[in-house]
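Dock the two chains into a complex; use the hints.
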Amino acid sequence: MTRAMTITEKILADHAGLEEVKPGDLITARVDITLANDITGPVAINEFRRIGVNKIFDNERVVFVPDHFTPNKDIKSAQNAKLIREFAKEQGLKNYFEVGRLGIEHTLLPDQGIVCPGDLVIGADSHTCTYGAIGAFSTGVGSTDLACAMASGETWFKVPETIKVIFNGKLNKWVSGKDLILHLIGDIGVDGALYKSLEITGSTIDNLPIDGRFTICNMAIEAGGKNGIIPADAITEEYVKNRCQRPYKFYRSDENAEYCRVIEYNTEDIEPTVAFPHLPENTRPISKVGNIKIDQSVIGSCTNGRLSDIKEAAEIFAGRKVHPDVRLIVLPGTQEIFLESMKLGYVEKIVNAGGVFSTPTCGPCLGGHMGILAEGERAISTTNRNFVGRMGHPKSEVYLSNPAIAAASAILGRIASPDEL
Amino acid sequence: MGKIWRYGDNVDTDVIIPARYLNSTDAKELAAHCMEDIDTEFAKNVQQGDIIVADENFGCGSSREHAPIAIKESGISTVIAKSFARIFFRNAINIGLPIVEHKEIPDDAQAGDELEVDLGNGIVKNLTKNKTYQINPFPPSIQKLIEAGGLVEYTKERVKR
Chain W
1 MTRAMTITEK ILADHAGLEE VKPGDLITAR VDITLANDIT GPVAINEFRR IGVNKIFDNE
61 RVVFVPDHFT PNKDIKSAQN AKLIREFAKE QGLKNYFEVG RLGIEHTLLP DQGIVCPGDL
121 VIGADSHTCT YGAIGAFSTG VGSTDLACAM ASGETWFKVP ETIKVIFNGK LNKWVSGKDL
181 ILHLIGDIGV DGALYKSLEI TGSTIDNLPI DGRFTICNMA IEAGGKNGII PADAITEEYV
241 KNRCQRPYKF YRSDENAEYC RVIEYNTEDI EPTVAFPHLP ENTRPISKVG NIKIDQSVIG
301 SCTNGRLSDI KEAAEIFAGR KVHPDVRLIV LPGTQEIFLE SMKLGYVEKI VNAGGVFSTP
361 TCGPCLGGHM GILAEGERAI STTNRNFVGR MGHPKSEVYL SNPAIAAASA ILGRIASPDE
421 L
Chain B
422 MGKIWRYGDN VDTDVIIPAR YLNSTDAKEL AAHCMEDIDT EFAKNVQQGD IIVADENFGC
482 GSSREHAPIA IKESGISTVI AKSFARIFFR NAINIGLPIV EHKEIPDDAQ AGDELEVDLG
542 NGIVKNLTKN KTYQINPFPP SIQKLIEAGG LVEYTKERVK R
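Each protein sequence line maps, in turn, to chains W and B. Okay, so the first sequence: first residue is 1 according to the working numbering, each after it adds one. Okay, so the second sequence: first residue is 422 according to the working numbering, each after it adds one.
Isolated chain B (complex conformation) (with noise of 0.2 Å):
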């Protein structure tokens, strides 16, 4: 259970890890400046296990997996958009940040709401509106994956062969 961070269209990954933080790799200093050139309260205020729920093309622009990873970092529990773009989408899976996308959640969801994500059962409660929703399962291919913890765990087993 988390509470809600509500963003719009188009989040792209210069707002979520500005550029002039990419001199460094580690996790907990990217997470610190995360999302904040479009929300100075995020990064003091995010508590473990809040998601972020936004709008279409979610993660545009730059291929810097540190937005990923700092979003992790700061202890979102899962990210939660209309569409994301493709190559956020890949980091996202490929460093076992949970994302769900989905056309309904986001339409009702407003900052400050408690939501409660089950990915394993694929049901999300949006419990401050009483709201419950179904999630598509990922393809099995993602789903395998996932499963082996992440792309690196993957290809571990595929280079062995």
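So that you can see chain W by itself, here it is in the shape it has in the complex (with noise of 0.2 Å):
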């Protein structure tokens, strides 16, 4: 009898080969999928280069997504590009995405069906974390991590310990998982799941859609977690069912599985939360708020740039206008988000509002292009971190917050509820 263990620890010990594995335990691990960017990638193929190996592991399982400074912002990132478009070319690559067929990483993957449910995956992104909501393990790792997993189609890990995290209740008019994840860094702290596993559950989860799941696993590290993991059932296999194309795995906690830590909510407490500058952690329910004057609202990204983020922003701009003070930007997560938001009408809602959409980039998000803050600027911003200079000037300020709020925000030039609309 082995013993009980974790969602997270079930699946390194399966691919290490293990029986069980216990927190603490050093392990190798065989990764199922390694993705790294045009920032990560370069780094990644020069140190790869150094191994001295000529291939690869899997050529369908080592991932590139150019998304960061793409549609390329200058000559600099424009050879980073290349360099990648050239080394996947010579591996002969299956999962490489040019522009025009690429979407925000953690966006596109899933969605093109790459990870899948139980897969243990390791990506030169620190939100690689994302796929935790259909039940993969996935961490961010460093340039050199992911080139000697390319290699070798293995890496390390040190077993985490796991923080239950359990929600319960009906979610408040206008809190989406956004919401739920923000008020859970701003209770534990940017540092408050440092080295641990996430583990996201009760009943608010059991009946939150996939999108709210992805975006709620995308903002573990946002509390220094390795990975935020939500345990795989229907609503999963409903999502990843016409996707994955390999065979894939449903994990559960053993009920007697041990946890460092059990933190419980009930969500009729939660209201839409925003996130102060300068960290994740620095959160204020919207009622308190205050009177806050916006420049610009960001609505997408890999925490927030799915359909359904869309569509709720669109609605709320359906009929209203941009505030003539601000800016708003929308990333869709990929291309096929952005035809559907025009089949549905989200585009000509937010268009017509005074909006510009973006093609899918992370862009803003980290201070790279389309959409840069100046000195003294705010923006409210759907994105996952409000550090200094984050969007821009070092002296800028991020806010951040779900779709909802960053759409009412962009009506009335300040943060605010659309319950003020």
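Hints in this document: simulated from the structure, not taken from any laboratory. One should not assume that every hint holds.
[To be verified] Quick list of the computed label-pair ranges, beta carbon to beta carbon:
1) B:Pro561 <-> W:Arg3: 46 to 56 Å
2) B:Val580 <-> W:Gln245: 44 to 54 Å
3) B:Gly543 <-> W:Arg3: 28 to 38 Å
4) W:Glu237 <-> B:Ala464: 26 to 36 Å
5) W:Asp419 <-> B:Pro519: 13 to 23 Å
6) B:Thr549 <-> W:Lys94: 25 to 35 Å
7) W:Pro71 <-> B:Gly543: 49 to 59 Å
8) W:Lys22 <-> B:Glu574: 22 to 32 Å
9) B:Lys524 <-> W:Asn54: 41 to 51 Å
10) W:Asp25 <-> B:Ala464: 53 to 63 Å
11) W:Asn242 <-> B:Gly543: 48 to 58 Å
12) B:Gly470 <-> W:Asn242: 57 to 67 Å
13) B:Pro519 <-> W:Glu420: 48 to 58 Å
[Unchecked claim] Chain B regions said to be covered by chain W (calculated; three or more residues, Cβ under 8 Å):
14) 434-447
15) 540-549
16) 567-573
[As the list claims (entries may be wrong)] With a cut-off of at most 30 Å between alpha-carbon atoms, the simulated DSS-like pairs for lysine-lysine come out as follows:
17) W:Lys76 <-> B:Lys465
18) W:Lys94 <-> B:Lys465
19) W:Lys82 <-> B:Lys449
20) B:Lys465 <-> W:Lys395
21) W:Lys76 <-> B:Lys546
22) W:Lys22 <-> B:Lys493
23) B:Lys465 <-> W:Lys158
24) W:Lys158 <-> B:Lys581
25) W:Lys76 <-> B:Lys524
26) W:Lys82 <-> B:Lys577
27) W:Lys395 <-> B:Lys550
Glycine residues also receive a C-beta, built at the ideal position from the N, C-alpha and C atoms.
The structure is reproduced here in structure tokens:
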């Protein structure tokens, strides 16, 4: 009889070829997918060359998505994209995505069925933890870790302790996955889950659509978490069944699995939540935000650029106008989401309101391009980080929220709830 | 021996090296902008062998390996913090930037203090404050990586087998 294990422990054990693992164990595990983008990819490719093998471990499982500075913002980023493109050709990569066919990596990979439930995924991007939403173990690594996994198909892990987070209750009006994760980060802090796994459960999560689950797991890293994971269920099955081409596996934590901490929230106590500069833990409920004027509203990104996010915003913009002093920038997660948004009339509502659609890119989220802030400017943003200088000038400010708040704020010119419209 | 550059909690990788410079992978170019958004004096005045001392969760945020690369190239010999964000921790080990996790050293350390770090013997001395600290060695598996000369060298051996 093996010890009772959490989902994370079970996935790690299976990929390490072990009967069981426990927190603190150092293991070498097989990886199902490795991912890099146009910032981390070039460094990974250079390190890969130093290892002295000619071929990556599997040309279907090494994935490159040049989504950060593309369509290329300058010559240097074009050189980096070219380096990746040439590497993809040389290695015959099946999952290299070119501008026009790509999306923001963490929206694209699950949507394309590249990541499946029960997988072990590492990505040279901290938000790789997103795929916990479909019951995969996924975590961010640096370029050197990635390069070595690209060569060997494996990597080392310290088995993390797990914090169990339980959300019970119905969601209040305008509250979504974003507010649950911001509330959690506000409570436990940006290092509250340092080196640990966050297992997110409860009746609220059982009823939460897949888009909201992606948003929650996406920001596990913002609490310092190694991964965030949600038990796969019927909602997961519905999402993956026509996407994943490989066999996949739903893991559940054992009844008596060990958790280092259990945190429980009643979602009836959770309002739409805004994180003030310059840390995602500086959260306030929307009722306590006060009068914060904004210059820009950004809706989209790997955190909130899915169809339901754009739908929610579009419905708020319908028949209304963006405030004259505000720039509204919408970043759809993928080209497919953009097309759907067009078919369903969301693009028209947003453009008629005075907003602009960007191609799928990380762009302004990390202060790259397509919406950089000037000195003293403020943005409300559905992205994931509000560090100093994150969206541009070191003296600019980013406030994080869900898409409904970002939409209402764009209309009113200050951070506000749609209830005020 | 080196001079201390003292920072607080949650020094994120966006301030260690802002994304506007990530169109480059050149270590020298990255080092020229290291810490720029929280300390404009750092890149100008850092000396070979200096030490960064910080509080909790150093290196949080993005996975960009450019962050430890920029720090290492700037001449910093060691980063000492009460805790490190996990991706930064792995990246630093992988590229050979020495890091020390210690709860007491930062409490006594002030900017400009002279620090002596002897990783081999596990001893750190704050010469200005006249204090000596023991540091714990890394677990054997991480020692193995360091002894091999970093993860790439370690992997070279593994893929041969």
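Comparing the hints with the structure gives:
no.	hint	in the structure
1	B:Pro561 <-> W:Arg3: 46 to 56 Å	violated (23 Å)
2	B:Val580 <-> W:Gln245: 44 to 54 Å	violated (28 Å)
3	B:Gly543 <-> W:Arg3: 28 to 38 Å	holds (34 Å)
4	W:Glu237 <-> B:Ala464: 26 to 36 Å	violated (52 Å)
5	W:Asp419 <-> B:Pro519: 13 to 23 Å	violated (53 Å)
6	B:Thr549 <-> W:Lys94: 25 to 35 Å	violated (58 Å)
7	W:Pro71 <-> B:Gly543: 49 to 59 Å	holds (51 Å)
8	W:Lys22 <-> B:Glu574: 22 to 32 Å	holds (30 Å)
9	B:Lys524 <-> W:Asn54: 41 to 51 Å	holds (46 Å)
10	W:Asp25 <-> B:Ala464: 53 to 63 Å	violated (40 Å)
11	W:Asn242 <-> B:Gly543: 48 to 58 Å	holds (56 Å)
12	B:Gly470 <-> W:Asn242: 57 to 67 Å	holds (58 Å)
13	B:Pro519 <-> W:Glu420: 48 to 58 Å	holds (53 Å)
14	434-447	holds (count 9)
15	540-549	violated (count 0)
16	567-573	holds (count 3)
17	W:Lys76 <-> B:Lys465	holds (24 Å)
18	W:Lys94 <-> B:Lys465	violated (45 Å)
19	W:Lys82 <-> B:Lys449	holds (22 Å)
20	B:Lys465 <-> W:Lys395	holds (20 Å)
21	W:Lys76 <-> B:Lys546	violated (43 Å)
22	W:Lys22 <-> B:Lys493	violated (34 Å)
23	B:Lys465 <-> W:Lys158	violated (38 Å)
24	W:Lys158 <-> B:Lys581	holds (24 Å)
25	W:Lys76 <-> B:Lys524	violated (41 Å)
26	W:Lys82 <-> B:Lys577	holds (26 Å)
27	W:Lys395 <-> B:Lys550	violated (35 Å)
Hints 1, 2, 4, 5, 6, 10, 15, 18, 21, 22, 23, 25 and 27 from the list above are not met by this structure, while the remaining hints are.
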